[in-house]
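*Asks:* Sequence:
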Amino acid sequence: MFLRKLCIFSPLKPLKIDTKFYNSDKDDLFLEVQIQNISLSTVFIRKVSLELPEMYTEEALNTLNLDGEDECTFGTRTFLQAREGRHYLYHLRVKEEYLEEARKLSGLTEMGKLEIVWKRELGGIAMLHTVLLEREARSCGELKLSLEKIPDTVAREEPFQITCKITNCTDKKMKLLLKMHDTTSVRWCGHSGRSLGKLMPGSSLSFTLTLLCLQLGLRRISGIQIIDTTLKTKYCYDGVAKVCVVPSMMKMES
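Going left to right, the sequence shown walks through residues 1 to 254 as the working numbering numbers them.
Please keep in mind that the hints were generated in silico from the structure rather than gathered at the bench.
Be careful, since some hints might not be right.
[Said to hold, decoys possible] Beta-carbon label-pair distances, calculated as ranges:
hint, residue 1, residue 2, range
1, Q81, K234, 52 to 60 Å
2, E136, E69, 33 to 41 Å
3, L89, G123, 26 to 34 Å
4, V131, L231, 38 to 46 Å
5, K119, K20, 25 to 33 Å
6, K234, K119, 55 to 63 Å
7, E136, E71, 29 to 37 Å
All of these numbers come straight from a predicted model, not from anything done at the bench.
We treat Cβ as the ideally placed atom computed from N, Cα and C, and that holds for glycine.
With the sequences and hints as input, model every part of the structure.
*Replies:* So this is what it looks like as structure tokens:
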């Protein structure tokens with residue numbers, strides 16, 4: 001009598017895939033994909049592609065424009081040596097007709113899938129590696145503030161301007177009042193307590209502020225306060241951006 005023993009081995013995949021989403025101040029985000037060959041032999045990458053939800057479009061940021069022609073940042077190489085890694089970057093934008101829906105997303109959100117076609121050797125059988133994409137959607141709260149324009153470098157004690165955009169992320173109409181509060185290093189110029197008017201649900205408006213910095217170095221822009229006079233709700237925004245403050249003479253020479 002013979003006893004047959006069957007052993008089932010699950011072949012290890014040679015690729016380690018890490019993905020990470022980065023939110024921006026606008027209605028878009030970036031996806032970073034890191035692919036690493038964790039095997040001891042060469043792996044050939046035939047194709048890397050995204051399959052996204054209907055509301056998004058993608059732009060691959062993995063090319064360089066050299067002499068008027070787009071070339072892959074990885075050159076003509078299609079393979080990864082043992083323990084070698086590679087990074088891919090994608091810019092994801094929300095389609096205009098889905099903006100309101102995207103702004104209401106919160107919590108864990110499905111973002112489609114990443115597909116990688118690879119093989120172990122030239123002429124070998126192509127294999128498909130699929131990674132389901134998820135991200136933690138950052139809730140913008142009821143009133144989202146983002147920066148549209150701000151200088152990188154400003155002169156000490158010289159006025160400069162920033163342009164802000166606010167978005168009503170609720171389903172209710174707001175009537176807004178803007179207030180600015182000085183900090184140790186930042187002074188606001190102009191009238192505090194001005195009306196920004198009415199803001200309908202899902203709508204945005206932009207406004208420009210003038211300020212000056214009193215101290216040198218990297219300074220935080222803080223002290224913006226917006227009040228919804230309809231519901232008596234106060235929204236405070238601190239550390240919305242940073243600017244580099246230099247002596248005025250250095251600013252003039254540059």
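*Asks:* Could you tell me which of the numbered hints above are not met by this structure, giving the numbers in increasing order?
*Replies:* The structure breaks none of the hints.
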